[in-house]
Amino acid sequence: MANSVEIRGLSRAFDGNTVLHELDLDIREGEFVALLGHSGCGKSTLLRILAGLDDEIGGEVTVPARRSAAFQSPRLLPWLKVWRNVVLGLPGRPDRALADKALAEVGIAERATVWPKTLSGGQAQRVSLARALVREPELLLLDEPFGALDALTRGKVQQLVGELWQRHGCAILLVTHDVEEALLLADRVLVMDEGRIAHDLTVDLPRPRDLTSPEFVTLRARLLGWLGVTAHTLEGTPS
Amino acid sequence: MTTTKPLDAAPQAPPPTDTPPAPAPRITIRGAARTTRRFQLPRSVRRAAGPVGLVLLWFLTSATGVLPESVLASPVDVLKQAVDLTKNGELPGAIAASGRRAAIGFLIGATVALVLSLLAGLFRLGEDVIDSSMGMFRAIPWVGLIPLFIVWFGIEETPKIALVALGVTYPLYFNIYGGIRSTDAQLVEAARMMGLGRFGLIKYVILPSALPGALVGLRYALSTAWLALVFAEQINADAGLGYLMSNAQQYFRTDIIVLCLAVYALLGLACDFAVRVLSRRLLTWRANFEGEA
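Line order of the protein sequences matches chains E and X. Take 1 as the starting number for the first sequence in the numbering used here and just add one per residue. Take 1 as the starting number for the second sequence in the numbering used here and just add one per residue.
Check the hints yourself; a few may be wrong.
Below 25 angstroms or equal to it, Euclidean Cα-Cα: the simulated BS3-like pairs (lysine-lysine) are [what the hints assert, rightly or not]:
| no. | chain 1 | residue 1 | chain 2 | residue 2 |
| --- | --- | --- | --- | --- |
| 1 | E | Lys81 | X | Lys203 |
| 2 | X | Lys203 | E | Lys117 |
| 3 | E | Lys101 | E | Lys156 |
| 4 | E | Lys81 | E | Lys156 |
| 5 | E | Lys156 | E | Lys117 |
Restraint-style ranges between C-beta atoms, simulated for each label pair [what the hints assert, rightly or not]:
| no. | chain 1 | residue 1 | chain 2 | residue 2 | range |
| --- | --- | --- | --- | --- | --- |
| 6 | E | Ala97 | X | Arg276 | 36 to 42 angstroms |
| 7 | E | Gly40 | X | Ala274 | 49 to 55 angstroms |
| 8 | X | Thr111 | E | Glu194 | 51 to 57 angstroms |
| 9 | X | Leu278 | E | Gly52 | 34 to 40 angstroms |
These aren't lab readings, by the way, just hints derived from the structure by calculation. Virtual Cβ for every residue (Gly too), placed ideally from N, Cα, C.
Here chain E stands alone, though its shape is the one from the complex (with noise of 0.2 angstroms):
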């Protein structure tokens, strides 16, 4: 299949200070990829290079020209009601419709004409990821979209994401530093470090996956120490 997203020799510093580094990755059409790395290893602002928003870089990247991103935080406008957010920046007027049956795909139709602050924090990002899939992105990234909701709610997202990207079959560049839901979740699972891909991990597990399978333990415990956390330290045994 073809490539969705070619990086080639891709360098960004901050005031001198290296973060990319001569990084080379592929992303194929309708391939799920996680990105996985400490805090500062430059995996969000890969991500944001990818979205187009930093464009102050060395090397090339290709990318398909229709791409949309879900972040962290939901990011919608306050004083925008929930469908108007979702078909923000569309041409042409706001499609109720359009707004309504993205909606009813991440399963908050109901809610399409209250405030985002009415919002729970599962909902807002719901409302984020529709307003993200309503553009039919054939490139959709993800900036740690679980990060800030709990543990129940995250599964639940998350289930939804492999869902969505079952249907609309882009391709999915997630940044994480949830070890397991990037083996969840991904057809690849890329580690990086220093400023370049480490570590490229095909996960051929069949899906849904069994977080307690031995094969999916094995991959745990290698991604793990890769990272750096050895599964002995993380249940705490004195060294």
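Based on these hints, arrange chain X on the given structure of chain E.
Here is chain X on its own, set in the frame of chain E:
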């Protein structure tokens, strides 16, 4: 787990002594919910109680002679003047003349403030050129410009309108500019990501987020407009509330002076009320602390 727990190796806690430790202080939280609803005065009544009480005090001190008329006329006299001057058309005429000055001055000032704040808020070049100048001009007390305005514009309507316009410009400018600049960069980023162009960003993100500040500025601006008018109408006016007041001053008519002050106050209150209604309608999207009962 097969590993040894580090806690097992830790030294034992000291054996309990004979005196039991003093219990940590505790507090009891009692329910504040009442089964029967306590009678409560409506909010509007409570709000009106203060001003009404003060007027009552004024009336009582005047009626008992504690407050002589040469100092302050009694509310009854003021009311009587209000009726008389309304009947002979002097008061409505004065209000119309003053209102016209305030309105024209406000419109000019608001337009200038809006244009300047948009230029300074939206463009870095505009900021560099305009904002520092506005900061400099603001340091000049605008009331102090009255002599200069008379030299420039004569003693007709122009200096009065100019003074109102000037007084209106500053609060509106600084509040709108501040509002534009406090726009959440994350929202701008998200909106750009959703495909909004420069124009759409201004319309859907930057201006709405400047709106709360602009409305605060509007409240200041309207009260400043009336204030500027009081100053402006003290000089060579031949109509308006200030003219009525300076005439009354020559004849020691405290009743007319108080009446004019009351009219200024009422006009100011009416403007403030209008802006509050406007704010409530325009800012329904805000999640704000509404105060405790």
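Hints and how they fare:
1. Between E:Lys81 and X:Lys203, the direct Cα distance comes to roughly 15 angstroms. Compliance with the 25 angstroms bound is thereby established for this hinted pair.
2. About 20 angstroms separates the Cα atoms of X:Lys203 and E:Lys117, which keeps this hinted pair within 25 angstroms; it holds.
3. Distance check on the hinted pair: E:Lys101 and E:Lys156 sit about 20 angstroms apart at the alpha-carbon level, within 25 angstroms; holds.
4. As the CA atoms of E:Lys81 and E:Lys156 are separated by approximately 24 angstroms, the hinted pair is consistent with the 25 angstroms bound.
5. Among the hinted pairs, E:Lys156 with E:Lys117 is consistent with the structure: their alpha-carbon atoms are about 21 angstroms apart, no more than 25 angstroms.
6. Range check, E:Ala97 to X:Arg276: Cβ separation about 37 angstroms, and the 36 to 42 angstroms hint holds.
7. Taking the beta carbon of each, E:Gly40 and X:Ala274 are about 51 angstroms apart, inside 49 to 55 angstroms as hinted.
8. Between X:Thr111 and E:Glu194 the Cβ separation comes to about 55 angstroms, which falls inside the hinted range of 51 to 57 angstroms.
9. Against the hinted window of 34 to 40 angstroms, the Cβ-Cβ separation of X:Leu278 and E:Gly52 comes to about 38 angstroms, which satisfies the hint.
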